[in-house]
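S.K.: The task is simple: from the sequences and hints, build the whole structure.
2 protein chains.
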Amino acid sequence: MAGYVPGEQPGTDRVVKLNTNENPYRCSPAVDRAVQEALERGLQRYPNPMGEAFRQKASEVLGVPADWMMCGNGSDDLLTIVTRAAVGQGQLLRLPYPSYILYKTLAELQGARSEEVHFNHDWSLPATFGKSANDLRLVFLPNPNSPSGTVAPPEEVLDLAERLPCPLLVDEAYVDFAQRNCLDLVARCEKILVSRTLSKSYALAGLRFGYVVAQPHVIEHLVKVKDSYNCDALSIAAATAAIGDQVWLADNRAKILATRARLAESLGKLGFKVTPSEANFVWVTHPEQPVRPLFERLKQQGILVRYMDYPGWGDGLRISVGADEQIDVCLQRLAAMM
Amino acid sequence: MAGYVPGEQPGTDRVVKLNTNENPYRCSPAVDRAVQEALERGLQRYPNPMGEAFRQKASEVLGVPADWMMCGNGSDDLLTIVTRAAVGQGQLLRLPYPSYILYKTLAELQGARSEEVHFNHDWSLPATFGKSANDLRLVFLPNPNSPSGTVAPPEEVLDLAERLPCPLLVDEAYVDFAQRNCLDLVARCEKILVSRTLSKSYALAGLRFGYVVAQPHVIEHLVKVKDSYNCDALSIAAATAAIGDQVWLADNRAKILATRARLAESLGKLGFKVTPSEANFVWVTHPEQPVRPLFERLKQQGILVRYMDYPGWGDGLRISVGADEQIDVCLQRLAAMM
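Heads up: the sequence lines are chains A and B, in that order. Counting from -2, one number per residue, gives the positions in the first sequence under this note's numbering. Counting from -2, one number per residue, gives the positions in the second sequence under this note's numbering.
The reader is advised that the hints may include incorrect statements.
For chains that are exact copies, the list does not tell them apart, and a pair is met inside one copy or across any two.
Claimed, not checked - Below 30 angstroms or equal to it, Euclidean Cα-Cα: the simulated DSBU-like pairs (lysine-lysine) are:
id, residue 1, residue 2
1, K101, K270
2, K221, K296
3, K270, K252
4, K101, K221
I should point out that these hints are in silico values taken from the structure, not numbers from a laboratory. Every value quoted in this text rests on a predicted model; they were computed, and no experiment measured them.
M.R.: Here it is, written out as structure tokens:
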């Protein structure tokens, strides 16, 4: 097998990096202070195995009891844990297509099978996504989805989970940029798990911190699979401070959404077909010209966007919502090419 | 399955904590500066997926090429990755007994079988530890071992690896407190992998950082199994600074070894049978009296040591080498009980 290959991470600041959906802004200053305090307490002791400080703070912020949450070393860690807990060798994992390629890799690592169910062409989910199947053990639903930035409404997600014979993990990595989320569904259906990350909306991709919300008996089961100390003392302190600063989150979200609207509108004016996005990126195709050369010419000019080619579906560009000046440069260069 | 249960982590500083082999001293001050600098660079970007800065520095320090190393979120992450890469459902994983119970849990999580080979009563390895077996896919050897603190000499480890039909992971979590290590063997035998952690000898249990050394084609295979960004930007910076400060390491090691010698000698005078240790803990049994009540009475007095009862082998106390004043308190209380 090939393994999952993440987007490019060039070792320089001289590129305009719009390819891996990072937040262009610095995180809340509360994070810096919390890390400083954790350093002062010292690092020689093991961290709290459950990241209890984060769970308590997140519980207050989200209105979810602490024992309904498990922390992870980024949401990749959580997706790995859930896959290992639910899917055995030869069993089946379902994901929509096109979506996050990692889900398929996780199945391969388990020696499991995966089934990709194609989105409808308007990025809605076909009814087959909720069908039973032999040995189906886990379904992943990124919501908002990548690369499309589209959302399945909570009512539909609940209906889907009720029809499925297995857990449904709703990957809400981008949900803070959306209008609605599925957190409330967890209490209504034990099959629903919701995963979140602080990488995107809290501008902490460098920190590796996420959490999954599920009913307590599900969390207990997942805890047995995770590494004993999967989150470190600095990241627990940082994440606790970050989720505690909801004023920062609201301000950052407003900036990203304003830039996203401008980016989408400008790309439309350039002739792209723009998928309405509820995430911090925009997916575009072009009805008349191939987009791959655009990606390559942008890259030559130090502007990284993500080119995705999905066999049986088509290709497009996924452009992360950077800072206004980054988006301006990207748009100017694209305009000059078209 | 029950999952692995780590040693107790009380949420208070008022206990004398000698139960989880943490280093009692603060890490190198270079770590604090490096974390501070990483914070100043910002956390909004993904970290380098391979922890390249650490690999470069460790390469200089250890004399091992950078592409012979993979970083992990603590050595637990590395042990998990190696198990997932090597052992499929129903296949066999071997470990010595008594040793680190986690190895057995890792097999269970894979749906694999595990075979515990008993140490000889002098903690040497029996010849059967190197025998072939149907579907044997991985052998773990903690070296120094826990709870004994004993070491299999490198010549014996090489011979063992050459006889085995599968990879041998030498878990050197405690090796910086020993006389010799197995790092040089990796170049001599592609079946040998050596894992290390910064938790113990670099006083960074709170940080979660380890690395595994293996031949490059083995590393390439392991990289496919790890999460894309398994180490965060702060821990990579901290670990790089820590391994770069070998003066701190030598000084800390000298302190721990001096305290260990005093602890071992004093426990011997109290009538315990003390296993000669090359780690930062000491394993003791008592020829005449049960040790469990000693553990319990110490705990009542706020002194945590680890009581281990190994069915078919016997029980004992594993006492971490704390600071001198912690060891003094522990010894005084033990003396009063005996």
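S.K.: Take the hints in turn and mark each one as holding or not.
M.R.: Each hint tested on the structure:
1. K101 - K270: Classified as within: same-chain Cα gap 28 angstroms, cross-chain 54 angstroms, threshold 30 angstroms.
2. K221 - K296: between (44 angstroms within a copy, 26 angstroms between copies)
3. K270 - K252: within (23 angstroms within a copy, 67 angstroms between copies)
4. K101 - K221: both (23 angstroms within a copy, 13 angstroms between copies)
Hint check: no violations occur; every hint is consistent with the structure.
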